[in-house]
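Taking the hints into account, I'd like the entire structure generated from these sequences.
Single-letter residue listing:
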Amino acid sequence: MMYIVFIMSVLYVVGFIGFSSKPSPVYGGMSLVVSGGLGCGIIMSSGGSFLGLVVFLVYLGGMMVVFGYTIAMATEEYPETWGSNVVILSAFLVGLLMEISMVMWLLSGEHELMGFYFGGLGGLVVLGEGGFEYVREDYSGGASLYSYGFWFLAMAGWMLFVSIFIAIEVTRKRY
Amino acid sequence: MPYIYMNIMLAFVISLIGTLMYRSHLMSSLLCLEGMMLSLFTLNALLSLNMNFTLSTTVPLILLVFAACEAAVGLALLIMISNTYGLDYVQNLNLLQC
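For the record, the sequence lines run as chains H and R. Read left to right, the first sequence gives residues 1 to 175 (the numbering used here). Read left to right, the second sequence gives residues 1001 to 1098 (the numbering used here).
Calculated directly from the structure, the hints in this document are not laboratory data. Heads up, some of the hints might be wrong.
[To be verified] Quick partial rundown of chain R residues pointing at chain H, CB under 8 angstroms, derived from the structure:
#  : residue
1  : Ile1008
2  : Arg1023
3  : Leu1031
4  : Leu1033
5  : Leu1046
6  : Leu1064
7  : Cys1069
8  : Ala1076
9  : Ser1082
10 : Asp1088
[As the list claims (entries may be wrong)] Per the computed footprint, the stretches of chain R lying under chain H, defined by three or more beta-carbons under 8 angstroms from a beta-carbon of chain H, are:
#  : segment
11 : 1009 to 1020
12 : 1035 to 1043
13 : 1048 to 1061
[Claimed, not checked] Simulated DEER-style distance windows between Cβ atoms:
#  : chain 1 : residue 1 : chain 2 : residue 2 : range
14 : R       : Tyr1085   : H       : Gly109    : 49 to 57 angstroms
15 : H       : Leu107    : R       : Val1090   : 38 to 46 angstroms
16 : R       : Phe1053   : H       : Val170    : 19 to 27 angstroms
17 : R       : Ser1024   : H       : Tyr3      : 36 to 44 angstroms
18 : H       : Gly83     : R       : Glu1070   : 42 to 50 angstroms
19 : R       : Met1051   : H       : Leu97     : 30 to 38 angstroms
20 : H       : Lys173    : R       : Phe1053   : 46 to 54 angstroms
21 : R       : Gly1086   : H       : Ile166    : 23 to 31 angstroms
22 : R       : Met1051   : H       : Val86     : 42 to 50 angstroms
23 : R       : Cys1098   : H       : His111    : 46 to 54 angstroms
We put the CB at the ideal spot given by N, CA and C, even for glycine.
Given below as structure tokens:
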């Protein structure tokens, strides 16, 4: 149970290999949704419940839904999956082999490369939620967007506004 | 360096390679771009939370806003390609021949 976050991050990488080996976008979108859910789990294990919720609501529930119906609009009759084409299957297996070899190299002990120590038990031992028990860190980060980060908010709002106009202008037919 | 950060950075590199290598669909490259944004969000959130940089938990939210804008513009371009050519195959984009 101690290694559950590590297993989740390995499955996260396997999901990334799944859509990066370029099957038909229908299956790629499904793999991205699975990776998004696992990423939410990884973030929540470090105490970021607000940011995990943001991943599910905004990223998966907003952006992936838009990608989903755009894929449904521009898709082909026989979508190719990981098992139907040898190119996709071999890309997936090469990525999987690389990930498994990296995991085995990490778990084989501690290595050092130019001052960085890989493979120790530093990342897996979960330190207690010490110190900030009365300040929820990620909620206060979201709230400080309106106080300290007001300029961030203004620029992000302006960019969203301008990107609507960009989308309208791009999709207007000009003959 | 902890294991989890290495896995997430590896996921970023994998989707970067996926973005740069086209197969038949343009939509697959846009999905790999979204994967890059997701891995950057996860890495930012984990670093801000584990190092207790409370104020920089704003950064993943801002990153997500910019990723949404970028996805909107990318999808608008894909829609125009799909309207002109019927499908979003990359081999249809052959007007520029040099």
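Cross-check of the supplied hints:
Annotation: interface hint on R/Ile1008 holds; nearest CB of chain H at approximately 7 angstroms, less than 8 angstroms. At a threshold of 8 angstroms, the smallest CB-CB gap from R/Arg1023 to chain H is about 4 angstroms, leaving the interface hint in force. Interface restraint check for R/Leu1031: the shortest CB-CB distance to chain H comes to about 5 angstroms, inside 8 angstroms, so the restraint holds. Hint status for R/Leu1033: violated, given a least beta-carbon distance of 11 angstroms to chain H, over 8 angstroms.
A cut of 8 angstroms between beta carbons decides the hint on R/Leu1046: the least distance to chain H is about 6 angstroms, and the hint holds. The criterion of a C-beta within 8 angstroms of any C-beta in chain H is met by R/Leu1064, whose closest approach is roughly 6 angstroms, and the hint holds. About 4 angstroms separates the beta-carbon of R/Cys1069 from the nearest beta-carbon of chain H, less than 8 angstroms, and the hint is met. The criterion of a C-beta within 8 angstroms of any C-beta in chain H is met by R/Ala1076, whose closest approach is roughly 4 angstroms, and the hint holds.
Taking 8 angstroms as the C-beta contact cut-off toward chain H, the hint placing R/Ser1082 at the interface holds, the least distance being around 4 angstroms. With 8 angstroms as the threshold, the beta carbon of R/Asp1088 comes within range of chain H, its nearest partner Cβ sitting at about 5 angstroms, so the hint holds. Under a criterion of three residues with beta carbons nearer than 8 angstroms to beta carbons of chain H, the stated coverage of the segment 1009 to 1020 of chain R is upheld, 6 such residues being counted. Under a criterion of three residues with beta carbons nearer than 8 angstroms to beta carbons of chain H, the stated coverage of the segment 1035 to 1043 of chain R is upheld, 5 such residues being counted.
Note: the segment 1048 to 1061 of chain R has 11 residues with beta-carbon separation from chain H under 8 angstroms; the three-residue rule is met and the coverage holds. Taking the beta carbon of each, R/Tyr1085 and H/Gly109 are about 54 angstroms apart, inside 49 to 57 angstroms as hinted. Checked against the hint of 38 to 46 angstroms, the C-beta distance between H/Leu107 and R/Val1090 comes to roughly 40 angstroms, which is consistent with it. Here the CB-CB span from R/Phe1053 to H/Val170 is close to 38 angstroms, at odds with the stated 19 to 27 angstroms.
Look at R/Ser1024 against H/Tyr3: about 39 angstroms separates their beta carbons, and that is inside 36 to 44 angstroms. As the Cβ distance of H/Gly83 to R/Glu1070 is approximately 32 angstroms, the hint placing it in 42 to 50 angstroms is violated. In this structure the hint that R/Met1051 and H/Leu97 lie 30 to 38 angstroms apart at CB holds, the actual value being about 33 angstroms. Range check, H/Lys173 to R/Phe1053: Cβ separation about 48 angstroms, and the 46 to 54 angstroms hint holds.
One distance hint, 23 to 31 angstroms for the beta-carbon pair R/Gly1086 and H/Ile166, holds here, with the actual separation near 24 angstroms. Under the hint 42 to 50 angstroms, the C-beta atoms of R/Met1051 and H/Val86, about 44 angstroms apart, fit the expected range. Checking the proposed 46 to 54 angstroms range against R/Cys1098 and H/His111 shows it holds: the Cβ atoms sit about 48 angstroms from each other.
The structure does not agree with the numbered hints 4, 16 and 18 stated previously, though it agrees with the rest.
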